[in-house]
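The residues making up each chain are set out below.
2 protein chains.
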Amino acid sequence: MVFRTNRRGPRPETPRQRPRVAPTDLARVDFHELVPEPVPFLGQAAYIQLEFFEGLAKAVATAPTLPSKEGLSAAAGVALRKHHALIAELRRLDVEPDDVMAPFAPATDRFRQATAGADWYELLLGIHITAGMLDSFFSRLAEGLPVELGARVRAILDEEGASVVLESELRSAIQGHPGLADRLALWGRSLVGDTLLVARSALSGADASVRTGEQVEPVFTELIADHTRRMDALGLTA
Amino acid sequence: MVFRTNRRGPRPETPRQRPRVAPTDLARVDFHELVPEPVPFLGQAAYIQLEFFEGLAKAVATAPTLPSKEGLSAAAGVALRKHHALIAELRRLDVEPDDVMAPFAPATDRFRQATAGADWYELLLGIHITAGMLDSFFSRLAEGLPVELGARVRAILDEEGASVVLESELRSAIQGHPGLADRLALWGRSLVGDTLLVARSALSGADASVRTGEQVEPVFTELIADHTRRMDALGLTA
Numbered sequence: 001m002v003f004r005t006n007r008r009g010p011r012p013e014t015p016r017q018r019p020r021v022a023p024t025d026l027a028r029v030d031f032h033e034l035v036p037e038p039v040p041f042l043g044q045a046a047y048i049q050l051e052f053f054e055g056l057a058k059a060v061a062t063a064p065t066l067p068s069k070e071g072l073s074a075a076a077g078v079a080l081r082k083h084h085a086l087i088a089e090l091r092r093l094d095v096e097p098d099d100v101m102a103p104f105a106p107a108t109d110r111f112r113q114a115t116a117g118a119d120w121y122e123l124l125l126g127i128h129i130t131a132g133m134l135d136s137f138f139s140r141l142a143e144g145l146p147v148e149l150g151a152r153v154r155a156i157l158d159e160e161g162a163s164v165v166l167e168s169e170l171r172s173a174i175q176g177h178p179g180l181a182d183r184l185a186l187w188g189r190s191l192v193g194d195t196l197l198v199a200r201s202a203l204s205g206a207d208a209s210v211r212t213g214e215q216v217e218p219v220f221t222e223l224i225a226d227h228t229r230r231m232d233a234l235g236l237t238a
Numbered sequence: 001m002v003f004r005t006n007r008r009g010p011r012p013e014t015p016r017q018r019p020r021v022a023p024t025d026l027a028r029v030d031f032h033e034l035v036p037e038p039v040p041f042l043g044q045a046a047y048i049q050l051e052f053f054e055g056l057a058k059a060v061a062t063a064p065t066l067p068s069k070e071g072l073s074a075a076a077g078v079a080l081r082k083h084h085a086l087i088a089e090l091r092r093l094d095v096e097p098d099d100v101m102a103p104f105a106p107a108t109d110r111f112r113q114a115t116a117g118a119d120w121y122e123l124l125l126g127i128h129i130t131a132g133m134l135d136s137f138f139s140r141l142a143e144g145l146p147v148e149l150g151a152r153v154r155a156i157l158d159e160e161g162a163s164v165v166l167e168s169e170l171r172s173a174i175q176g177h178p179g180l181a182d183r184l185a186l187w188g189r190s191l192v193g194d195t196l197l198v199a200r201s202a203l204s205g206a207d208a209s210v211r212t213g214e215q216v217e218p219v220f221t222e223l224i225a226d227h228t229r230r231m232d233a234l235g236l237t238a
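Chains as they are written, first to last, in UniProt numbering: chain A, 1 to 238; chain B, 1 to 238.
Check the hints yourself; a few may be wrong.
Some chain B residues close to chain A (C-beta under 8 angstroms, calculated; not the full set) [to be verified]:
hint, residue
1, PHE53
2, VAL60
3, SER73
4, ALA74
5, MET101
6, SER172
Take a look, some chain A residues computed to stay more than 10 angstroms from chain B by CB distance [stated by the list, open to error]:
hint, residue
7, HIS84
8, ARG154
9, ALA238
Derived from the structure by calculation, the hints contain no laboratory data.
All values derive from a computational prediction rather than experimental measurement.
We put the CB at the ideal spot given by N, CA and C, even for glycine.
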């Protein structure tokens with residue numbers, strides 16, 4: 001997997017390519033080459049966490065049992081912590097978080113609606129799959145941020161508590177409801193397209209048309225491989 | 001305001017009356033006289049915070065602006081922290097929180113539905129009024145718990161972040177919407193009865209019929225005075 005840079009034409013401001021000093025491993029996807037603008041990066045990542053929180057809060061409110069409610073409330077707390085920690089990074093950069101997040105709200109709201117599913121199980125899988133892919137994607141993209149900021153952002157996004165709860169809830173639901181696995185496998189596959197669009201919008205900044213070519217394909221390939229592992233862990237065919 | 005103890009007949013196990021060694025100030029409501037059983041006390045208080053969290057999460061999801069969403073998400077985080085901190089106290093007592101909370105779920109769920117209101121503004125006032133009264137009530141009731149536990153519980157419940165956000169949101173909503181004040185004043189008054197019933201259920205434990213007499217009336221009088229102050233702060237007639 002290589003970022004092919006030879007065909008690049010003029011690029012928009014976000015993300016920029018860092019000068020390649022000594023590329024040592026062309027066989028890996030090197031997120032360091034993608035240099036996101038910190039402010040919109042943090043704004044989009046923070047708003048996405050707020051959406052995950054809202055989805056998880058809905059899952060808490062509609063949970064069929066008290067133990068599920070309890071576990072999911074902890075997961076909602078994790079998403080909320082990520083959101084507030086990213087907001088705190090924006091404040092540290094002396095910008096008003098609401099102003100920075102606002103441009104990402106419409107598309108992210110639509111994304112959440114599209115991935116909310118038809119019932120509680122689909123809601124859970126929707127959050128598990130999309131948060132799994134996007135947390136991992138934004139965390140890797142953070143490698144291109146200034147070093148200290150990038151390390152803090154990765155630490156924020158890599159907190160895994162929510163996915164552990166969701167995987168456990170989904171696994172026991174699938175075991176307890178014959179036929180659910182087939183429906184969820186289908187649902188899980190249908191989530192990938194919307195999620196990749198959100199990821200692509202983070203890569204391409206304002207001008208989404210520029211970076212849809214071959215150079216970002218390996219990033220998406222990796223995201224999809226992550227997705228397949230996540231579905232496998234639930235016994236679902238990706 | 002005095003706890004009148006002279007007419008007390010046999011009392012149920014929760015709350016018990018502590019032996020009165022040296023009553024020094026009969027003119028105050030002395031919550032020390034009420035000795036709640038720690039486990040059901042914590043279970044009910046924890047479940048109530050979960051309900052506040054769910055209400056606040058709904059307020060986040062339906063907030064009309066991003067700044068409101070942002071502020072309310074912090075308030076939801078406060079309720080969730082209180083919930084998880086109370087859960088942690090139950091675990092410390094070697095009981096399973098879900099088992100302890102379960103008996104309080106039906107009545108508390110009904111309470112939340114009854115106080116959720118018809119729109120976003122009523123939802124906010126519903127949480128502000130009921131959480132304000134019940135946090136204060138449970139915090140004062142915690143004076144009767146074993147000293148160290150009681151101090152920790154009071155520190156948990158006394159965190160004020162959520163009420164500051166709610167008061168600020170409500171105040172600007174009232175300023176911006178002529179006519180809203182009248183409707184909210186009416187709504188605020190209608191919340192008191194349901195909230196006092198929840199408070200009474202905490203006082204009386206399993207046998208609600210016993211402690212509805214004069215001895216607890218001053219407690220309720222104080223709760224209502226709190227309520228009036230809270231309404232006044234919003235410019236609403238209580």
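Evaluated hints:
no. : hint   : verdict
1   : PHE53  : 7 angstroms, holds
2   : VAL60  : 6 angstroms, holds
3   : SER73  : 6 angstroms, holds
4   : ALA74  : 7 angstroms, holds
5   : MET101 : 6 angstroms, holds
6   : SER172 : 15 angstroms, violated
7   : HIS84  : 7 angstroms, violated
8   : ARG154 : 22 angstroms, holds
9   : ALA238 : 30 angstroms, holds
Of the numbered hints stated above, those contradicted by the structure are hints 6 and 7, listed in ascending order.
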